[in-house]
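Number of protein chains: 2
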Amino acid sequence: MSTSISRRQLLGSVAAGSAAAVAAPFAQAACSNVPAKWDETTDVIVIGTGFAGLMAAYEVRKAGAECIVIDKMATPGGNSIINGGIMCVPGNDFQKKDGIEDSPEAMAEDMLKAGLNLNHRDKVKTVCEGALPAYRRLIDEFGVQWKLNTHEGGHRVPRSALTANGSGSEIVRKQLAALEKLGVKPRLRCIMDHIILDDAGTAVGLEVREGYRFGREESGRKKFIRARKGIVLAFGGFCADVEYRKMFDPNLDENFQSTNHPGATSEGIREANAIGAQLIQCDWLQCLPYTSPDEKGFGIAWTWTGATSSRGFWFDAATGRRFVNELADRKIRSDAIIAHLREGHDVLAFGDSKTAKIFEDMRPGMLERILKAGVCWKFDTLEALEKAYSIPKEAFEKTIAEVNESVTTKKDPLGRRVNERLQTLTDGPFYVTRISPKVHHSMGGILTTPKAEVVSIRGGIIPGLYAAGEATGGVHGAVRLGSCAVTDCIVNGSIAGREVAKRG
Amino acid sequence: MSTSISRRQLLGSVAAGSAAAVAAPFAQAACSNVPAKWDETTDVIVIGTGFAGLMAAYEVRKAGAECIVIDKMATPGGNSIINGGIMCVPGNDFQKKDGIEDSPEAMAEDMLKAGLNLNHRDKVKTVCEGALPAYRRLIDEFGVQWKLNTHEGGHRVPRSALTANGSGSEIVRKQLAALEKLGVKPRLRCIMDHIILDDAGTAVGLEVREGYRFGREESGRKKFIRARKGIVLAFGGFCADVEYRKMFDPNLDENFQSTNHPGATSEGIREANAIGAQLIQCDWLQCLPYTSPDEKGFGIAWTWTGATSSRGFWFDAATGRRFVNELADRKIRSDAIIAHLREGHDVLAFGDSKTAKIFEDMRPGMLERILKAGVCWKFDTLEALEKAYSIPKEAFEKTIAEVNESVTTKKDPLGRRVNERLQTLTDGPFYVTRISPKVHHSMGGILTTPKAEVVSIRGGIIPGLYAAGEATGGVHGAVRLGSCAVTDCIVNGSIAGREVAKRG
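Keeping their order, the protein sequence lines are chains A and B. Residue numbering for the first sequence follows our numbering, starting at 1 and increasing by one per position. Residue numbering for the second sequence follows our numbering, starting at 1 and increasing by one per position.
Because the hints were derived from the structure by calculation, they are not lab data. One or more of the hints may lead you astray.
Below, computed lysine to any residue pairings styled on SDA-like, alpha-carbon distance capped at 20 Å [what the hints assert, rightly or not]:
1. A:113 - B:341
2. A:246 - B:122
3. A:411 - A:151
4. B:246 - A:116
5. A:246 - B:295
6. A:113 - B:169
7. A:113 - B:335
8. A:113 - B:343
Since the structure is predicted, the reported quantities are computational estimates derived from the model, not experimental observations.
Using the sequences provided together with the hints, build the complete structure.
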């Protein structure tokens with residue numbers, strides 16, 4: 001076995017970002033489940049069809065290696081295809097146009113502050129420095145189109161590029177198209193049951209089931225696929241797996257919805273951990289603060305609630321008062337909102353006709369959609385709104401007056417950064433959505449080296465095994481800032497793909 | 001493999017506290033490292049000689065089963081024997097004498113509040129309800145002697161019994177004596193290298209090295225010991241393992257000392273995790289707020305610093321002002337102190353001659369010891385103290401006046417609970433210690449069922465494997481309250497011992 005001392009050296013080298021040593025052989029690893037016969041052989045198998053997995057597969061093919069991409073669900077894209085389509089990119093084209101000064105260092109500082117410095121600094125550096133080149137490649141190689149720059153909570157400046165269609169699907173669809181040109185079509189309804197290690201503890205293939213139907217857990221036909229070079233774990237997080245997340249954070253029980261697609265379960269990360277992958281920080285689960293209790297999952301109401309975080313405000317309907325900086329980090333906002341919901345109060349996101357006009361420009365047709373869906377409500381007058389939610393008139397109109405005053409003073413009583421986005425809220429019709437946080441992102445996960453190699457519980461790495469995206473931990477620390485996940489997935493997905501393709 | 005659905009059911013039953021199912025067989029588990037020949041066979045092997053391990057071994061022998069207890073260090077007791085000897089016991093004899101009303105429910109509420117509700121409620125309930133019976137047994141069966149009741153940070157009332165000699169050694173020594181009467185002497189310098197699973201994934205024995213010397217990692221002779229009934233993991237936490245703890249919390253790097261004995265390393269928990277034990281909440285590492293930078297490890301200066309938390313006060317020498325409720329929970333206090341230390345300021349624990357007199361009654365001879373050791377300093381006048389640390393006179397004497405005022409008003413400006421312990425601070429000589437937090441306790445660890453069975457990463461349990469004490473996670477959540485660890489170790493050590501002894 002590797003000694004305690006050599007373990008430390010190995011991990012030390014991982015932390016230091018130098019080439020990680022291979023875990024020394026040990027008793028338990030000397031047990032292989034390599035099948036007598038492989039049903040199929042390729043160079044690389046990628047698990048997951050979100051931003052990270054598709055990026056990894058793209059790099060593998062670009063490097064001229066064979067690649068099989070699998071996903072257990074019936075449709076590709078995981079959480080990425082339903083995500084908001086905002087990518088954190090210091091130095092993006094809109095910042096340049098607006099003359100906003102920014103840098104990877106500034107982004108890193110904001111990530112570390114929100115992350116309570118639990119972030120692994122080498123990972124933060126990689127993501128922040130990789131952001132602009134990744135954004136350029138998405139434009140130049142994939143044809144991804146961007147519309148404007150948004151200001152996400154916890155970021156010191158607007159630095160998040162929004163896709164042309166206001167969704168992650170703009171990126172995923174173009175990644176899928178680029179992959180298809182390279183001859184790769186993801187195999188859907190194919191679930192990974194086991195990562196197969198050889199006698200030396202090297203990951204050499206997978207036991208999967210084809211024709212799997214999510215929710216029918218015994219469905220599908222078993223198959224063994226060999227991977228000559230290696231395997232990339234890009235199966236995302238586990239926020240939709242109530243029992244697994246409850247072990248780490250008993251607060252987030254059945255009473256909390258998740259924004260995630262139903263396939264965001266734990267069997268992938270359990271398998272990785274069970275065959276020796278080191279997990280870290282899994283008890284940091286992020287709630288998205290601005291989701292709606294009036295619809296299932298991620299929904300669409302958050303688009304309005306999000307817009308009001310810089311162009312309107314949030315308040316407690318029972319008191320008529322704001323209670324949190326609408327641009328604070330997600331944890332601060334979620335904790336504050338949950339405290340008010342526990343009092344049995346409604347929390348509302350408020351904006352006026354000017355807010356609505358800008359929103360319409362940002363996301364054409366969306367206001368109509370959320371009104372039709374019954375997750376946003378329109379009121380011609382403040383009186384009508386106050387009546388509908390029995391909001392104390394005086395307190396509420398004092399709140400509006402304070403916000404309007406901050407437009408000129410640029411000083412917000414709750415410390416919100418006031419920029420040109422905020423205009424005085426004066427003219428009806430007025431619009432509100434209800435707010436209730438939902439479990440959104442698992443910050444923790446598999447520990448990887450700077451080369452996206454999976455770190456072994458026993459120190460060193462598990463040869464042939466790579467991971468990227470939400471399946472990994474360390475990038476975001478305690479609290480992830482909005483729009484940083486897309487950057488993480490694109491940057492580290494690329495690294496994983498390039499590195500696995502290099503293996504002999 | 002066990003299905004996602006059955007996994008949830010299994011874990012659900014664990015959470016619900018009903019009998020946990022055995023993890024369904026799966027490929028990886030079907031690889032055994034059972035030796036051709038065992039060197040020795042017994043019923044139960046206990047790893048670790050702290051409160052939990054010794055309690056488990058005691059129960060095993062009481063149940064009439066054979067037991068081998070191993071410890072890798074040259075001396076027994078781990079962190080327990082150097083611990084402060086305070087056990088949280090609502091309803092203890094001193095509370096009764098002082099007419100302090102308390103209950104297991106009140107203790108549970110305080111633990112959950114400090115633990116940010118990350119605690120597993122079934123574990124909290126077990127510990128709180130088991131406290132008083134465990135305390136009685138320590139008196140009746142082991143002859144442990146207690147001296148007085150202390151008020152630890154985060155507890156609503158004084159509810160922590162202090163051992164006669166003011167150290168955990170009072171308990172450990174009597175546990176060792178009781179075990180020796182039962183024919184068990186711990187085998188020291190015996191390290192566990194591997195937990196051996198059979199083909200069904202049941203823990204059936206250990207690969208150990210006898211004659212191991214800590215720090216000489218390859219030392220010792222390999223030996224295989226079979227355990228007919230099972231194995232109890234009571235190897236404690238990993239706070240002294242900088243590389244391991246840094247993976248979970250990069251803040252606690254080489255710049256932080258630990259209060260733990262040097263053997264508080266990670267090889268035990270790594271091995272458990274590597275053979276399939278589910279870990280939780282390992283990134284919650286607690287710093288002991290009141291340790292001294294003027295001595296290595298736990299040291300002795302904390303005794304004075306602790307006494308001043310209710311009988312004196314803590315302040316920033318550069319400002320002369322208090323800055324934190326000295327009885328707040330450990331995380332609040334550590335974070336506040338670290339912030340002031342980062343400014344390059346000294347943080348001092350202050351008390352006067354009255355404080356010293358009570359301290360002398362509590363811990364005879366200790367004041368003399370800490371003065372001799374050069375970790376506490378005596379000043380005949382305030383002027384002398386102010387001069388020695390260039391403390392701003394006016395601000396400091398205002399601080400003293402405020403504290404003295406709170407003795408009569410019972411209102412503390414920083415919200416400290418003021419009780420009869422606090423007397424006006426007026427007469428020299430005055431004493432101070434310097435304060436600097438040290439990494440003290442790993443709240444996270446191995447997930448267990450209410451029967452102390454180790455939960456498998458794949459759901460269900462690992463048959464034959466039990467764990468208790470700091471090696472486990474879930475009892476304390478995010479923040480452990482002082483004196484709750486002893487209770488946890490005694491209560492859950494007993495449960496682990498009784499349960500493993502029952503196995504066929």
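Next on the checklist: When the structure is checked against the list of hints, which entries are broken? Sort them ascending.
Outcome noted: The structure conflicts with hints 5, 6, although it agrees with all the remaining ones.
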